[in-house]
Every structure is written in structure tokens, then in C-alpha cells.
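**Student:** In terms of my numbering, the sequence shown opens at residue 18 and continues consecutively.
By construction, these hints were calculated from the structure, which means they are not laboratory data.
Incorrect hints may appear among the rest.
Pairwise CB distance ranges, derived in the manner of DEER restraints [claimed, not checked]: (1) T82 - T131: 14 to 24 Å; (2) G115 - G69: 39 to 49 Å; (3) N66 - Q105: 24 to 34 Å.
Every residue, glycine too, gets a C-beta built ideally from N, C-alpha and C.
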Amino acid sequence: MVTAQGTSSVSFPFPSVWGIHASIAGRSIIFGTLVIQSITNNSVIGTVNFRGSPIPINGFWNENTKQITFDSPFASFSGNLTIFDDPQIRIRHFILQGRILMKPPSLQAGEYGTWIATTDISLNEYPISGNSYTQQLPPVGAFLTSTILHQQRNQNF
């Protein structure tokens, strides 16, 4: 777990819905949603939805290194978690970003790319100390996926 100021701590949020964006071979491919339903004994279970149908994912979460890997039938994802606290608006942003490898039966099998996914929660505790983005903004992909996620949430209500 990441230690925060005061007595609070932070870990991977689940169940959670994330906005996700993937680029393959330098081309912006697609936006969608990533659902992390559970993390039990470091095993990740959820879905990824790029084209309207949730596709199951299974993977692994390493709490010590803040790394995640998961597979869908069409791609393998690996990445790292970064947490960005914005105390002015009382939001904690969770940012996953990493590499993607497309696999058969995808038409893009063998091609590599990058992905970024974000979700957020209300900041009801002290901001995290040692935050790597304390004096910086998160990557631009965090804003794109956050916008997509909030648009989806508003359509569901």
C-alpha cells in the first residue's frame, strides 16, 4: 500500500470503472471502459469494453510494485499505477498506463502500443505524500479518459 500523510493509506480501488484509451503502432485506436470487478490474492478479474460488448479479462496485480498485467482474448496489457491527488477539488485520480500487445484473432496481432486508463474517487483524507505529480499535471491521456468515463456515468443515470 502507498502510505499517505496522517494515518490513511491507499490501494487499488475495486470494484471500479475506468475510462481507457489505446494506441497501436502510433495510431490512436479506441476509447472504452475497463471494469475491475475484483482483486483476490493478487488475481485481477474484470472486463474491457471497446466496441459495446464487455470482454472478460484476467490478470495479476502486484501491490508492492504497483504493476498490473491482464489479458483479454485479443490483447495483453501491462502497466503501472500512479495516484494523483488534487486537494483543491477533493479528487484522487488513479492512473494506469503501460504497453499493449495485440494477439490473434485480432487483425492487428503482433503490433504493440500504449494504453492509459483512469478513474477517480472523492478525496476524503490527507493527500498522498511523495506523489510523483505533486508539482505537475498528470499525462494528457488522464484527462481524455476521465472525460469519457464521466460522460458514460452521466448517460447511465
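**Student:** It remains to establish, for every hint, whether it holds in the given structure.
**Tutor:** Each hint, compared with the structure:
1. T82 - T131: 14 to 24 Å: 19 Å, holds
2. G115 - G69: 39 to 49 Å: Check failed, 24 Å falls outside 39 to 49 Å.
3. N66 - Q105: 24 to 34 Å: The hint (24 to 34 Å, Cβ to Cβ) holds, given that N66 and Q105 are roughly 32 Å apart.
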